[in-house]
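S.K.: First to last, the protein sequences are chains A and B. For the first sequence, numbering that gives the first Met the number 0 begins at 0 and goes up steadily by one. For the second sequence, numbering that gives the first Met the number 0 begins at 0 and goes up steadily by one.
Incorrect hints may have been included.
If several chains are the same, the list does not tell them apart, and a pair holds so long as it fits within one copy or across any two.
Claimed, not checked - Below, computed lysine-lysine pairings styled on DSS-like, alpha-carbon distance capped at 27 Å:
id, residue 1, residue 2
1, LYS239, LYS206
2, LYS88, LYS4
3, LYS21, LYS239
4, LYS239, LYS88
5, LYS239, LYS4
Simulated from the structure, these hints should not be mistaken for laboratory data.
Number of protein chains: 2
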Amino acid sequence: MTDSKVSTAAALVIGNEILSGKTAEANVVVLARALRLAGIVLERVVTIRDDIDTIATEVRALAARYTWVFTSGGVGPTHDDLTVAAIAKAYDRNVVIHEPTAAMIRSHYGDTCTEGHLRMALAPEGATFVVSESTRWPTVRIENVFLLPGVPEAFRYKLDALMPQIVGGIPFVSRAVFVRLDEGPLVTALDSIALEHPNVEIGSYPKWGDPTYRTKVTFDARDRESVDRALEAFLGRVPKEEIATVE
Amino acid sequence: MTDSKVSTAAALVIGNEILSGKTAEANVVVLARALRLAGIVLERVVTIRDDIDTIATEVRALAARYTWVFTSGGVGPTHDDLTVAAIAKAYDRNVVIHEPTAAMIRSHYGDTCTEGHLRMALAPEGATFVVSESTRWPTVRIENVFLLPGVPEAFRYKLDALMPQIVGGIPFVSRAVFVRLDEGPLVTALDSIALEHPNVEIGSYPKWGDPTYRTKVTFDARDRESVDRALEAFLGRVPKEEIATVE
């Protein structure tokens, strides 16, 4: 489905709190939607613990394989915030203080500014910085990797600010049919339509406990004609009275 | 932190709908909490698209490295449900029909039972099955891998039913301190306490927009004494009036 010349993306979610269930991960869906709107497929998400070598290994692997990589988590000032050090290790660079960020931190905290606060100005040597009025501190970028915070509010602001740099996508066209039948009676139709429309990604999702429909069938491609053709073919194979909605 | 003799776990989340942002992933937090209660660390979660070779490769890699592996998604009857076929491929086995499951499906759907419904009785040859009154169909297990559905309600029922098979954990003791300060002024105390209590996992999590506290500091270990000692040491380093709650 994915043209190899089109940009791709991966995410690395870092944090013991996600893997222990103390916190429900909330950033991937936000990233996935933003990338999708930009016409980029998020191909892979890896979630790992706060461990410097694991982070370094994963970032290296993802950055080599995908056009864009986004990390979530581990960028605060405390002992369990290891992302900057790990990415410096992955790229074999020193960790240095970014003076413009340090100046912003000093100005924000004034007399209460501590060494701890200033750790948030550390970055791998040679990183670039995404500055925006909507984010308190700049976002660190090193080659094709962006370092985002785990706190959902901060993740969103920073993602909005950096998205203009994420180029190389081709927008998707998405349509959906909501059907009153469960998936069982739809299988034959879906099998043959998926086969006849290989450039359209067709998804089938059962829904429990919704009185209005039982299966959502989605049609996605990078051109509208293909999507419309596959959707019409599907509508032709399902009894009209079983169709709840077409989007 | 993790004793190498203690059971570990990984999860594989399968589905284009998660990576396109159409659906927010909801099963990992449920799995993480259940494993944590059983004293097992969820070490890694990988989220991938509906692709048979990718699923096969990932399952093989995770099953070799972790005690228990849980897949989420791709077990329905339609063309995009590839998990059974992929896992059969990973273990070099045929896909066969599990007659007891097929009988349950026939009995449930009666006259409306289709070939599509019966696809849900397919499993890799040599799989075992977790049967429970709370789940409609048995859960497929192959060696240390459990195949769970992506639909959150079904995932929960099936997970509850299989948890008694998940052995080898040592329960955690978890405590937390909610502090009115941000992370900056806590850095020095946390650094030294993390260093002095290496067998306690100490986490620090900033919270935005909560009037009652600004940082949650967590203490986790497999024995209560170690947790209590680290927590007391931390309380001794923070001004009393800045402590909101101790759990």
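S.K.: With reference to the structure, classify each hint as holding or not holding.
M.R.: Each hint tested on the structure:
In the homo-oligomer, the alpha carbons of LYS239 and LYS206 lie at most 27 Å apart inside one protomer (20 Å), although the nearest pairing across protomers, at 50 Å, exceeds that limit. Taking CA atoms no more than 27 Å apart as the test, LYS88 paired with LYS4 passes in neither setting, with 29 Å inside one copy and 29 Å between copies. For a Cα distance limit of 27 Å, the shortest separation of LYS21 from LYS239 across copies, 25 Å, qualifies, whereas the shortest one inside one copy, 46 Å, does not. Within a single copy, LYS239 and LYS88 get their C-alpha atoms no closer than 59 Å, and across copies no closer than 38 Å, so neither meets the 27 Å cut-off.
Taking the shortest alpha-carbon separations for LYS239 and LYS4, neither the intra-copy value of 40 Å nor the inter-copy value of 58 Å comes in at or below 27 Å.
Violated hints for the displayed structure, listed by number in ascending order: 2, 4 and 5.
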